[in-house]
Amino acid sequence: MSRNTNLSYFWKGCRNSVPFIFVAGPFGMLFGVLGSEGGLSLTQVMTFSFTVFAGAAQFTALQLMREEAPTVIVLASALAVNLRVAMYSASLTPYLGAAPLWQRALAAYFTVDQSYALSIVQFEQGPEMTLQERVAYFFGTSALIAPLWYGMTLTGALLGSTIPDSWALDFALPLAFLAMIGPMLRTPAHVIAALVSVITVLLAGGIPYNLGLLVAGVAGMMAGAWTERYLERRVAEA
Amino acid sequence: MTYSGTPIDTMTIWIVIIGMAVGSFVLRFVFIGFVGRRTMPEWLLRHLRYTAVAMLPALVAPLVIWPSLTVGQPDVPRLSAAAVTLAVAMISKNVVLAIFCGAATLYGLLYLLGSGI
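As given, the protein sequences belong to chains A and B, one line each in that order. This note's numbering puts the first residue of the first sequence at -7, with every later residue one more than the last. This note's numbering puts the first residue of the second sequence at 478, with every later residue one more than the last.
Simulated from the structure, these hints should not be mistaken for lab results. Glycine included, C-beta positions come from ideal geometry on N, C-alpha and C. Be aware that one or more of the hints could be misleading.
[To be verified] Under 10 angstroms between C-beta atoms, here's a sample of chain A residues computed to sit facing chain B:
hint : residue
1    : F14
2    : L32
3    : F42
4    : A49
5    : A53
6    : E60
7    : L71
8    : R76
9    : L84
10   : Y101
11   : D105
12   : P166
13   : S189
14   : T192
[Said to hold, decoys possible] Here are the in silico distance ranges between beta carbons for each label pair:
hint : chain 1 : residue 1 : chain 2 : residue 2 : range
15   : A       : I155      : B       : L521      : 38 to 44 angstroms
16   : A       : W3        : B       : Y588      : 40 to 46 angstroms
17   : A       : V183      : B       : L574      : 17 to 23 angstroms
18   : A       : S(-6)     : B       : L574      : 37 to 43 angstroms
19   : A       : S(-6)     : B       : T489      : 47 to 53 angstroms
20   : B       : I492      : A       : L123      : 37 to 43 angstroms
21   : A       : F42       : B       : A564      : 33 to 39 angstroms
22   : A       : A228      : B       : W543      : 42 to 48 angstroms
23   : A       : S(-6)     : B       : W543      : 55 to 61 angstroms
24   : B       : I492      : A       : Q117      : 41 to 47 angstroms
Put together the whole structure using the sequences plus the hints.
Rendered as structure tokens:
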């Protein structure tokens, strides 16, 4: 019986992840194309997508390597872009923290925007779910998307430099990121965080070693946190 | 698509891949694996909430204003496409629709203005 409900939650996770096919597919392919354009071998592109498994951070690393930033800065900046998955991990812990270590380690690997977003909604709406059902649902949300991500990276890497300039693929990355940023601007604090980081990075063009991105990111985070606290106090006083 | 500039050093690529593989896993595992049910300080969570919304715009802004394929010159199709994508994303909260509208704007204006790339 419980095995059946686990399986049905796994399938539910799969089904709910279907719309993300249209995000992860093109994104994976774009990484393959830009990676092979940037001079990465097929093995390197595939190892990248398979071991790192974090789109935005992979693109950041690639962009900074192309700008010939020092390796330490590439790593620090790309991991900073990925700091949000640490927050996802923290937020999932109350729901999955009691699972066996190997399941938690596997869940950690599959913690990305889409698996987190789907799972946290499901877990909050279904307090009656057992631990095993939650684990099954969580893995279900990646069962389609992860293989798709690997496969589309491979397709993109194989197509690579056959794609002509007229496709303006250089601009696919900015458009994809802007589309992701839009829905994130939920509160005044989020808007201010984004504005401060943009202004900082544009003014910080002269900062050496491509440190501008990190400096801007930290400035934006502080601006967001301060705004949030300021607004909370205003509400408390009113 | 032609890529200008010197190729990235193979050793550097592998160091970045391995560093990111380890780093990304640690970031994801640290809370669910080590912290468990203990709570984290409020100030830290407050800052972490804004990581994505601070880092991603800072990454995109220079690419929009000084695109590499136009040799760093701002151009109308790319600036317009960026504005359309962000506006549609904010209003509709639909990532795919926003990318589609942005791409349509980019290709439409590139064609109309006949700028070639």
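Hint-by-hint comparison with the structure:
For A/F14, the suggested interface contact is upheld, since its CB lies about 5 angstroms from the closest CB of chain B, less than 10 angstroms. Hint status for A/L32: holds, given a least beta-carbon distance of 6 angstroms to chain B, under 10 angstroms. Below 10 angstroms, beta-carbon pairs count as interface contacts, and A/F42 has one with chain B at about 9 angstroms; its hint therefore holds. The interface hint given for A/A49 is met, as the beta carbon of that residue sits about 6 angstroms from the closest beta carbon of chain B, less than 10 angstroms.
Satisfaction of the interface hint for A/A53 is found here, the shortest Cβ-Cβ separation to chain B being roughly 5 angstroms, below the 10 angstroms cut-off. Hint on A/E60 holds. Least Cβ distance to chain B is approximately 7 angstroms, under the 10 angstroms limit. Among the interface hints, the one on A/L71 holds; its C-beta lies about 5 angstroms from the nearest C-beta in chain B, closer than the 10 angstroms criterion. This hint holds: A/R76 has a C-beta 4 angstroms from the nearest C-beta of chain B, less than the 10 angstroms allowed.
A least Cβ separation of about 6 angstroms between A/L84 and chain B falls short of the 10 angstroms threshold, and the interface hint therefore holds. With its C-beta approaching chain B no nearer than about 6 angstroms, A/Y101 sits inside the 10 angstroms limit, and its interface hint holds. At its closest, the beta carbon of A/D105 sits 9 angstroms from a beta carbon of chain B; the interface hint therefore holds under the 10 angstroms criterion. With a least beta-carbon distance of about 5 angstroms to chain B, the hint placing A/P166 at the interface is held under the 10 angstroms criterion.
A hinted interface residue such as A/S189 counts as satisfied when its beta carbon comes closer than 10 angstroms to some beta carbon of chain B; here the least separation is about 4 angstroms, so the hint holds. Residue-level restraint check for A/T192 holds (minimum Cβ-Cβ distance to chain B is 7 angstroms; threshold 10 angstroms). The hinted range of 38 to 44 angstroms is satisfied by A/I155 and B/L521, whose Cβ atoms lie roughly 43 angstroms apart. Between A/W3 and B/Y588 the Cβ separation comes to about 44 angstroms, which falls inside the hinted range of 40 to 46 angstroms.
The hint said 17 to 23 angstroms for the Cβ distance between A/V183 and B/L574, and at roughly 21 angstroms that hint holds. Between A/S(-6) and B/L574 the beta carbons are some 40 angstroms apart, a value that agrees with the proposed interval 37 to 43 angstroms. Separation of A/S(-6) from B/T489 is about 50 angstroms and conforms to the stated range, judged on CB atoms against 47 to 53 angstroms. The hinted range of 37 to 43 angstroms is satisfied by B/I492 and A/L123, whose Cβ atoms lie roughly 39 angstroms apart.
Roughly 35 angstroms separates the CB atoms of A/F42 and B/A564, a value that falls within the hinted 33 to 39 angstroms. Between A/A228 and B/W543 the beta carbons are some 43 angstroms apart, a value that agrees with the proposed interval 42 to 48 angstroms. Here the CB-CB span from A/S(-6) to B/W543 is close to 57 angstroms, well matched to the stated 55 to 61 angstroms. The hinted range of 41 to 47 angstroms is satisfied by B/I492 and A/Q117, whose Cβ atoms lie roughly 43 angstroms apart.
Checked against the numbered hints given earlier, this structure breaks none of them.
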